[in-house]
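*Asks:* Could you slot chain X onto chain U? The hints should help.
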Amino acid sequence: MQNDPVKKWMTHNVITISPDTPLPEADRLMIGNKIRRLPVVKDGQLVGIVTRNNLWGATYADAVTVNLYELNHILSHSTVARVMTLDPVVISPETLLREAVALMMEHKFSGLPVVDKSGHIVGIITESDLFRIMAQDWLNQPEESA
Amino acid sequence: MRVLLADDQPQVRSALRLLLEHELKLDVVGEVIYAEDLVGYINATQPNLLLLDWELPGLSTKEILPILHENYPNLLIIALSGRPEAGPAALAAGVDAFISKGHPAEHLLKKLREINASERLLVKNALVKDWMTTNVIVISPQAMSVEAHHLMVERAIHRLPVVDEGQLVGIVTFSDVLEAKASPGSSNNGPLPARLPLPLPVEQVMTTSLKTIASEKTVGEAAGLMQQHNIGGVPVVDEHGGLVGIITASDIFRMVVRRWSEGLRRQQLTP
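Those protein sequences? They're chains U and X, same order as listed.
For the first sequence, this note's numbering begins at 1 and goes up steadily by one.
For the second sequence, this note's numbering begins at 147 and goes up steadily by one.
It should be emphasised that the hints constitute simulated quantities derived from the structure, not laboratory data.
All residues carry an ideal CB built from backbone N, CA and C; glycine is no exception.
Take these hints with a grain of salt, some might be off.
[To be verified] Which stretches of chain X does chain U cover? Using the computed rule of at least three CB atoms under 8 Å from a CB of chain U, they are: (1) 171-185; (2) 365-373.
[As the list claims (entries may be wrong)] Here are the simulated lysine to any residue pairs, SDA-like style, with alpha carbons at most 20 Å apart: (3) U:Lys34 with X:Thr353; (4) U:Lys34 with X:Val299; (5) U:Lys7 with X:Lys171; (6) X:Lys171 with U:Trp9; (7) X:Lys275 with X:Lys363; (8) U:Lys108 with X:Trp277; (9) U:Lys34 with X:Asn376; (10) X:Lys363 with U:Gln136; (11) U:Lys108 with X:Val299; (12) U:Lys34 with X:Gln374; (13) U:Lys7 with X:Glu167; (14) U:Lys108 with X:Ser396.
[Claimed, not checked] Taking beta-carbon pairs under 10 Å as the criterion, some of the chain X residues facing chain U (in silico): (15) Met147; (16) Val269; (17) Lys270; (18) His295; (19) Met298; (20) Val299; (21) Ala302; (22) His304; (23) Phe320; (24) Ser321; (25) Leu324; (26) Gly378; (27) Ser396; (28) Phe399; (29) Arg400; (30) Trp406.
Okay, chain U solo, but in the shape it has when bound (with noise of 0.2 Å):
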């Protein structure tokens, strides 16, 4: 498995979000798919990547110094573009999975978005998509003894 190109275990279907977004939307696209980042995509260009930690640490960070009701204004005044980090760390569909894998544990990243040559995204590799592959792959194994 971990010398398998990323695109054979990538997940295809990546959901995306503009820059534009209010964070409102873009929290909610994330508890709706049960997701906990985005990638954030302008004119078909990948341009950063948003996590459920940039949002919720932007509103904590609002919350402790200003009211409710400012803060709800500030919130849906604010957009993705405002707390996402720019020029994230991407990979390429032939980038083998142990290297892939390297790279977010260097990093720290839990998922790293697959860009082709042209900057499209095409496919996303998360942490919690391959522990369900391994585990399944146990699960599936016949009983053994070490």
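*Replies:* The following block gives chain X in isolation, referenced to the frame of chain U:
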């Protein structure tokens, strides 16, 4: 697994390469023809496994094996020979396995599959207690959701075991404190954020029917539990039901990945 081939016969090397790459999807990282190039190639390619022709020209097995053992303790070595009678001597010299070239390729495949399987078992059969996180960040059932939320954001974690007077009474996740049982049609469905932590104590939003695992169980069992119940982490309890740790999908993922980059010879997996 990264494999280095050392054999002077081109047809043997190409047959082995085909077998390894196509049957087992292993990485052949280099081919060595002369014994004197062995160490240089190992340095350059960092293989996990060496397939070594026991009759490699120039090979002084008495000299080279101690060097390999000394410098590459994690390198697994399988000796291949056209002379089956060389087996005992090769094993005595410290190779991990001996395969006669006269035998069908199935023998080598079987051996390599065993190695691959034991690799996987090494992680799967490791014990939860050796790999769990022991400094668990917990919260009291009387704390407010907003505190739980703050703690999770601050520590970048996704779940908190809820502990009351030393007893594990529940678990609360990030979505619990936010989505917490908001009544339909409330302002939570409106266009504004409003998904702030609800003004409720943790005990009203936590999950009480929680899955736990004993510290003596295996990592494989923990993974199975998480997979079956679609959860990302399980609190670890001792025989009295006391919380002693937590093991998450992310911990297990890291274990597997670390094994990928380490050698194969080490039989003990050290946390």
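*Asks:* Hint by hint, say whether it matches the structure.
*Replies:* Hint check:
1. Counting residues of the region 171-185 of chain X whose C-beta lies closer than 8 Å to any C-beta of chain U gives 3; at least three are required, and the coverage claim holds.
2. Coverage of the region 365-373 of chain X by chain U holds in this model, with 5 residues showing a Cβ closer than 8 Å to a Cβ of that chain against a need of three.
3. A hinted pair counts as satisfied when its Cα atoms are at most 20 Å apart, and Lys34 of chain U with Thr353 of chain X qualifies at roughly 18 Å.
4. Under the criterion of a C-alpha separation no larger than 20 Å, the hint pairing Lys34 of chain U with Val299 of chain X is consistent with the structure, at around 17 Å.
5. Among the hinted pairs, Lys7 of chain U with Lys171 of chain X is consistent with the structure: their alpha-carbon atoms are about 16 Å apart, no more than 20 Å.
6. Distance hint between Lys171 of chain X and Trp9 of chain U is fulfilled; the C-alpha atoms sit about 15 Å from each other, no more than 20 Å.
7. Using a Cα cut-off of 20 Å, the hinted pair Lys275 of chain X and Lys363 of chain X holds, with the two alpha carbons roughly 8 Å apart.
8. Simply put, Lys108 of chain U and Trp277 of chain X have alpha-carbon atoms about 18 Å apart, close enough for the 20 Å limit, and the pair holds.
9. Among the hinted pairs, Lys34 of chain U with Asn376 of chain X is consistent with the structure: their alpha-carbon atoms are about 12 Å apart, no more than 20 Å.
10. Between Lys363 of chain X and Gln136 of chain U the alpha-carbon distance is near 18 Å, which keeps this suggested pair within the 20 Å criterion.
11. Restraint check for Lys108 of chain U and Val299 of chain X: the C-alpha separation of about 16 Å stays at or below 20 Å, so the hint holds.
12. The suggested pairing of Lys34 of chain U with Gln374 of chain X holds, with an alpha-carbon distance near 17 Å, which does not exceed 20 Å.
13. Distance hint between Lys7 of chain U and Glu167 of chain X is fulfilled; the C-alpha atoms sit about 18 Å from each other, no more than 20 Å.
14. Taking the CA atoms of Lys108 of chain U and Ser396 of chain X, the gap is about 11 Å. The hint holds against a cut of 20 Å.
15. A least Cβ separation of about 8 Å between Met147 of chain X and chain U falls short of the 10 Å threshold, and the interface hint therefore holds.
16. A least Cβ separation of about 9 Å between Val269 of chain X and chain U falls short of the 10 Å threshold, and the interface hint therefore holds.
17. The closest approach between the C-beta of Lys270 of chain X and any C-beta of chain U is roughly 5 Å, which is under the 10 Å cut-off, so the hint is satisfied.
18. About 8 Å separates the beta-carbon of His295 of chain X from the nearest beta-carbon of chain U, less than 10 Å, and the hint is met.
19. Evaluation of the Met298 of chain X hint against chain U yields a held restraint, the C-beta minimum of about 9 Å falling below 10 Å.
20. Here the hint on Val299 of chain X is kept, as its CB sits about 5 Å from the closest CB of chain U, short of 10 Å.
21. For Ala302 of chain X, the shortest C-beta to C-beta distance to chain U is roughly 6 Å, which falls under 10 Å, so the interface hint holds.
22. Given hint, His304 of chain X at the interface with chain U, holds; its Cβ is 8 Å from that chain's nearest Cβ, closer than 10 Å.
23. The closest approach between the C-beta of Phe320 of chain X and any C-beta of chain U is roughly 7 Å, which is under the 10 Å cut-off, so the hint is satisfied.
24. Contact between Ser321 of chain X and chain U, as hinted, is supported at the beta carbon level, the nearest pair being about 7 Å apart and thus within 10 Å.
25. Using the Cβ-Cβ criterion of 10 Å, the hint placing Leu324 of chain X at the interface with chain U is satisfied: the shortest such distance is roughly 8 Å.
26. Proximity of Gly378 of chain X to chain U holds as hinted, the smallest CB-CB distance being about 7 Å (cut-off 10 Å).
27. The criterion of a C-beta within 10 Å of any C-beta in chain U is met by Ser396 of chain X, whose closest approach is roughly 6 Å, and the hint holds.
28. Interface restraint check for Phe399 of chain X: the shortest CB-CB distance to chain U comes to about 5 Å, inside 10 Å, so the restraint holds.
29. Here the hint on Arg400 of chain X is kept, as its CB sits about 7 Å from the closest CB of chain U, short of 10 Å.
30. For Trp406 of chain X, the interface hint holds, the least distance from its beta-carbon to any beta-carbon of chain U being 5 Å, beneath 10 Å.
Checked against the numbered hints listed earlier, the structure breaks none of them; every hint is satisfied.
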